[in-house]
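Fit chain B to the known structure of chain A by using the hints.
Number of protein chains: 2
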Amino acid sequence: MKDKNISVAVIRRLPKYHRYLKELLDRDIRRISSKELSKIIGFTASQIRQDLNNFGGFGQQGYGYNVEDLYQEISKILGLTRNYNVVIVGAGNLGQALANYTSFGRLGFDLKAIFDINPKFRGFKVNDVDVLDMDNFETFIEENAVEIVYICTSRNGAQDVADRVQKTKVKAIWNFAPIDLKVNEDVIVENVHLIDNLLTLSYFLKENQ
Amino acid sequence: MKDKNISVAVIRRLPKYHRYLKELLDRDIRRISSKELSKIIGFTASQIRQDLNNFGGFGQQGYGYNVEDLYQEISKILGLTRNYNVVIVGAGNLGQALANYTSFGRLGFDLKAIFDINPKFRGFKVNDVDVLDMDNFETFIEENAVEIVYICTSRNGAQDVADRVQKTKVKAIWNFAPIDLKVNEDVIVENVHLIDNLLTLSYFLKENQ
Chain A
1 MKDKNISVAV IRRLPKYHRY LKELLDRDIR RISSKELSKI IGFTASQIRQ
51 DLNNFGGFGQ QGYGYNVEDL YQEISKILGL TRNYNVVIVG AGNLGQALAN
101 YTSFGRLGFD LKAIFDINPK FRGFKVNDVD VLDMDNFETF IEENAVEIVY
151 ICTSRNGAQD VADRVQKTKV KAIWNFAPID LKVNEDVIVE NVHLIDNLLT
201 LSYFLKENQ
Chain B
1 MKDKNISVAV IRRLPKYHRY LKELLDRDIR RISSKELSKI IGFTASQIRQ
51 DLNNFGGFGQ QGYGYNVEDL YQEISKILGL TRNYNVVIVG AGNLGQALAN
101 YTSFGRLGFD LKAIFDINPK FRGFKVNDVD VLDMDNFETF IEENAVEIVY
151 ICTSRNGAQD VADRVQKTKV KAIWNFAPID LKVNEDVIVE NVHLIDNLLT
201 LSYFLKENQ
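Top to bottom, those sequences are chains A and B. So in UniProt numbering, spot 59 of the first sequence is number 59, and the numbers just go up one at a time. So in UniProt numbering, spot 52 of the second sequence is number 52, and the numbers just go up one at a time.
The shape of chain A in the complex, shown without the other chains (with noise of 0.2 Å):
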């Protein structure tokens, strides 16, 4: 299924929106308005009513949406209908806390392994997964289905991860390490900028001094 006509913008509050609804399920909320969701998620109710017009009509006059249904929507269209095999390269703190995260899982990114060039993490497990080495990443992927790699490295290793990611079949970067990776376009990369983030609160914080 294609949504080709769907903004960034829209599909980056989805997850919002996955996230609430889903809170609302397992209080057994069973129908909320574009109001009430409103209140919960902060979003105006007409850009809600605009959002979820993207994926046809859920929302009812007079009944509103099935929460259900919306979340079981929103789950298809962010691509959680399957399960995703997944490493993480770089087994440091931040990698480490990336393994330990049980909600990834739960959403279906099956960690398969932790790659570290580190010998020191050697025979290491974080959350009953081994840490290896790099030297058989390359077959490790291809044996294991990986379709998505965590770059939890320092900024030096990153892009030299990235290269070796491209001689696999992975189409599917999460890079953490303060650097914009070069990639082929096929490859799709999405950045956790934190040094971006940080720098965006002190501006905040300063303009409002």
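Treat the hints as calculated values from the structure; they're not laboratory data. Don't take every hint at face value.
Which copy? The list can't say, so a pair holds if one copy fits it or any two copies do.
Stated by the list, open to error - Here are the simulated DSS-like cross-link-like pairs (lysine-lysine), alpha carbons at most 27 Å apart as the crow flies:
| # | residue 1 | residue 2 |
| --- | --- | --- |
| 1 | K112 | K76 |
| 2 | K39 | K22 |
| 3 | K76 | K35 |
| 4 | K169 | K76 |
Positioned in the frame of chain A, the structure of chain B alone reads:
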């Protein structure tokens, strides 16, 4: 200095300019045209001229931008002309990862302590910074003129921390817990919602297949 008329979209691009200009300075490059800058940073030249025009015309026809001046100006806009005392709450892997990022300190974010309610961290140090219990949190914040709190707790603990932060003079929270914190209007929250990033990645992966 207030820059109220600058859009949030522009502000969010500034840290990237800041990062690349620093690299140019490190390579001893003293001036650059918007066209050359475009090649390395990935924004269009016209986007760059438009963005930077927000802060007064640093670019000169036929000369380009003075890298040092532009870097200093953007540093100023981002509030980087002074230091900020910060603390981390949550001494798990993620909190430790942040404590170990030396680049934050180099930019002027001085880590004063790490707090954790778990007694197993008593007496622990990360990157030479003490892990403290939460008993004297508010006093510590006041005595050390802390201005930013990084919340690295679990989902369950985060709102409690935010409530305690709001009893202090701190007006900025960097939140890594997968929850949208409820705070007073005068408190700035910058969220790093990792799951939202990951789901954006799975969306694009699905779309490209």
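Structure-based check of each hint:
Taking identical chains as interchangeable, the C-alpha atoms of K112 and K76 lie at most 27 Å apart only when both belong to the same chain, with a minimum of 23 Å there against 44 Å between chains. Taking the shortest alpha-carbon separations for K39 and K22, only the intra-copy value of 16 Å comes in at or below 27 Å, while the best inter-copy value is 42 Å. For a Cα distance limit of 27 Å, the shortest separation of K76 from K35 inside one copy, 24 Å, qualifies, whereas the shortest one across copies, 41 Å, does not. In this assembly of identical chains, K169 and K76 lie within 27 Å of each other by CA distance solely inside one copy; the values are 23 Å within and 44 Å between copies.
Of the numbered hints given earlier, the model fails none.
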